[in-house]
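A.B. asks: These are the residues of each chain, in order.
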Amino acid sequence: MKLYLGIVLLLLTAFAKGDDEKAKIILVKRILNDIITERNDLAIEYNLYNIGDGVATDVELADSSFHESDFELISGMTSVKWSRINAGSNVTHAVVVQPLRAGDFNFTSAVVQYVSEKGVDVTFGYSNEIGEQEILSLKEYNRLHASHMMEWGLFALWCMPSIDVPLLLYYLSKRKYSKKVKKN
Amino acid sequence: MTCLNCDITMTKSEEDEEPDVISAHKEAETAIIFASGVEPSVLAGKKASAYIHFANKGSSNFIITSIDGSFRYPQDFSYVIQNFTVISPNKMIDAGYEGSFQYEFQPGELSGGRSFGLVINVNYKDTEENLYRDAVFNQTVQVIEDEEGLDTETFFMYLMLLGMSGLILLGVFHNVSGKSRRGKKRNTPSANATTLNKVQLETGTTNGPVDYNWIPEETLKAINKGTPSPRRSPKKRANKQRSSETE
Amino acid sequence: MSSLKLFLCLFLAYCVNGQSCIQPSVSPSSYSSTNQKLSKSTAFVVEFSLKCASKTDNLQLYADIDGVQFPVTKSSESEHYQVSWTVKDKKTVAHNFDVRFFDEEGYNNLRKVIRSGQSPESIKPLFNVDFQHPGLSSGFWIKAEFLGLAVAVLVLYVVCRERSQIIS
Chain A
1 MKLYLGIVLL LLTAFAKGDD EKAKIILVKR ILNDIITERN DLAIEYNLYN
51 IGDGVATDVE LADSSFHESD FELISGMTSV KWSRINAGSN VTHAVVVQPL
101 RAGDFNFTSA VVQYVSEKGV DVTFGYSNEI GEQEILSLKE YNRLHASHMM
151 EWGLFALWCM PSIDVPLLLY YLSKRKYSKK VKKN
Chain B
1 MTCLNCDITM TKSEEDEEPD VISAHKEAET AIIFASGVEP SVLAGKKASA
51 YIHFANKGSS NFIITSIDGS FRYPQDFSYV IQNFTVISPN KMIDAGYEGS
101 FQYEFQPGEL SGGRSFGLVI NVNYKDTEEN LYRDAVFNQT VQVIEDEEGL
151 DTETFFMYLM LLGMSGLILL GVFHNVSGKS RRGKKRNTPS ANATTLNKVQ
201 LETGTTNGPV DYNWIPEETL KAINKGTPSP RRSPKKRANK QRSSETE
Chain C
1 MSSLKLFLCL FLAYCVNGQS CIQPSVSPSS YSSTNQKLSK STAFVVEFSL
51 KCASKTDNLQ LYADIDGVQF PVTKSSESEH YQVSWTVKDK KTVAHNFDVR
101 FFDEEGYNNL RKVIRSGQSP ESIKPLFNVD FQHPGLSSGF WIKAEFLGLA
151 VAVLVLYVVC RERSQIIS
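Chains as they are written, first to last, in the UniProt record's numbering: chain A, 1 to 184; chain B, 1 to 247; chain C, 1 to 168.
Everything labelled a hint here was simulated from the structure, so no lab data went into it. A hint or two may mislead.
Below, a sample of chain A positions facing chain C; criterion: calculated Cβ distance under 8 Å [stated by the list, open to error]:
{"no.": "1", "residue": "Thr-37"}
{"no.": "2", "residue": "Asp-41"}
{"no.": "3", "residue": "Ser-69"}
{"no.": "4", "residue": "Leu-73"}
{"no.": "5", "residue": "Ile-74"}
{"no.": "6", "residue": "Met-77"}
{"no.": "7", "residue": "Ser-83"}
{"no.": "8", "residue": "Asn-90"}
{"no.": "9", "residue": "Val-91"}
Listed below are the simulated DSS-like cross-link pairs for lysine-lysine, each with C-alpha atoms no more than 27 Å apart in a straight line [stated by the list, open to error]:
{"no.": "10", "chain 1": "B", "residue 1": "Lys-46", "chain 2": "C", "residue 2": "Lys-112"}
{"no.": "11", "chain 1": "A", "residue 1": "Lys-81", "chain 2": "B", "residue 2": "Lys-91"}
{"no.": "12", "chain 1": "A", "residue 1": "Lys-139", "chain 2": "A", "residue 2": "Lys-2"}
{"no.": "13", "chain 1": "C", "residue 1": "Lys-40", "chain 2": "B", "residue 2": "Lys-47"}
By construction, the Cβ of each residue, glycine as well, lies at the ideal position given by its N, Cα and C atoms.
Modelling step: build the complete structure from the supplied sequences, incorporating the hints.
C.D. replies: This is the structure in structure tokens:
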């Protein structure tokens, strides 16, 4: 059965004339994080949409903007390929990195290359540029977002004297007074 | 003669000079897709994303300077209702290359349930600083009302109604209980003014017993007899003076 | 005629052998976002390097995760594969994912089964990877400020009670 199917498909592809079906890939690069902090995970999502009529083959995505000196790769690969993306469909790819330093960083484009039509040369495309984003330092991030249990604990400690001393006096006098009342 | 000529040429160039119409370059192809698919689905007050594809099929480089979007009156696309933030990628797309751009726009909250003409323009220029503009999207869209936001509105409305009804009830209750409390007060005898019981109404010394121990005896006798101290009544003072004068 | 036969034979061999992986051995590693303060969306990544007994030139894999199919990407350089997906703006809870990988044939069978409404469990995957997502959390479930407020209210209550006792 498979052999027959294979032969038929082969003949069809040999004689069929694709009527100008070209693929067109949009590559969208997005940062999934709301906050970017040094030494905390940063997830980047790549979406490839094929808005053309034809199948895109040999689709390769490469993002070389995360140099080893600035980012540590946690998960995902920055240079991947798909063998085909059908017309009207989309694929997603994610990469997780960790910034090594705080400060502003200019996130530049990723590059996609694909074959839009059989027999045509490879097409190169750029993704959108994200631009400058601020990478918070760990201290700044902790100041804003960590749970401040330690600070509250210390605050309670410093509040204790001004509350405890009057309370103690009150209880001592109360005990004395209630003793007297009981005596009477 | 020459002036006539140059006059003619001047008028000719004036006639030829059309208003600046920036159009698209024929070697640049653009396409757009929205986060919701090929057709945009915009919610009032929520950010919508559009992804724009720019293919440079020519032989010279293009620089995408800005992308802008706006809502127009559906019947007349030249009337702008809302302008969206312009993004300036300033990106160079080389000959034969393609580029993708993300354009985010947020329709105003009050635009729900109405239809608008959405126009998204891509402005670009070539290496000779010639400007081009391509209307990537130029159709009417229906802005959908955001269902989520309505819930907080109704929630706070109910909260306010509850509060106001509570306030009214409180006022009524206070009025009713106030009247009954005043009625109660007239019947009970008022106690000593110095009592700690704050409920009793202060009436002074008209009704209760008064402690006279501190008044010296003569004045007390005088009061009980009914003759006030000479200092107090001006008439008595005058009499006393006359009696002292005549003496 | 004989050349045609030869060609057909080769084609047959290719059809049978080329697109599948025999005796796969997988070494996976996975990642999922866990810090809600950093990002409201969750990213899931399953990476693995695959070794097959047969030659795999154009192997196209597909992953099925909880009923949704994704194509698997391959590294441009090595035999390392990756499938990734994201869940946006929704707090994801702890979940044990069973990621099933199919080759081209298995994927087509799976799609047929789904379209006909049958259970997708019936198609056996090439191999599968389990991974545990601990859930997107924002730290300790009690906030420090709330705790401080509770303590302050308690102290106030005690003091007020004592005071009313004295006054009465």
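A.B. asks: Against this structure, judge whether each hint is valid.
C.D. replies: Here's how the hints hold up against the structure:
Hint status for Thr-37(A) relative to chain C: holds, with the closest Cβ pair at about 7 Å, below 8 Å. Hint status for Asp-41(A): holds, given a least beta-carbon distance of 7 Å to chain C, under 8 Å. Evaluation of the Ser-69(A) hint against chain C yields a violated restraint, the C-beta minimum of about 21 Å exceeding 8 Å. With a least beta-carbon distance of about 11 Å to chain C, the hint placing Leu-73(A) at the interface is violated under the 8 Å criterion.
Interface restraint check: Ile-74(A) against chain C, minimum CB-CB distance 7 Å, threshold 8 Å, status holds. With its C-beta approaching chain C no nearer than about 5 Å, Met-77(A) sits inside the 8 Å limit, and its interface hint holds. The criterion of a C-beta within 8 Å of any C-beta in chain C is met by Ser-83(A), whose closest approach is roughly 5 Å, and the hint holds. This hint is violated: Asn-90(A) has a C-beta 10 Å from the nearest C-beta of chain C, more than the 8 Å allowed.
Taking 8 Å as the C-beta contact cut-off toward chain C, the hint placing Val-91(A) at the interface holds, the least distance being around 6 Å. For the hint linking Lys-46(B) to Lys-112(C), the alpha-carbon distance of about 38 Å lies beyond 27 Å, and the restraint is violated. This hinted pair checks out: Lys-81(A) and Lys-91(B) have alpha carbons roughly 25 Å apart, not beyond 27 Å. With a C-alpha separation of about 63 Å, the suggested pairing of Lys-139(A) with Lys-2(A) is violated against the 27 Å cut-off.
Between Lys-40(C) and Lys-47(B), the direct Cα distance comes to roughly 16 Å. Compliance with the 27 Å bound is thereby established for this hinted pair.
Of the hints listed earlier, those the structure fails to meet are numbers 3, 4, 8, 10, 12, in rising order.
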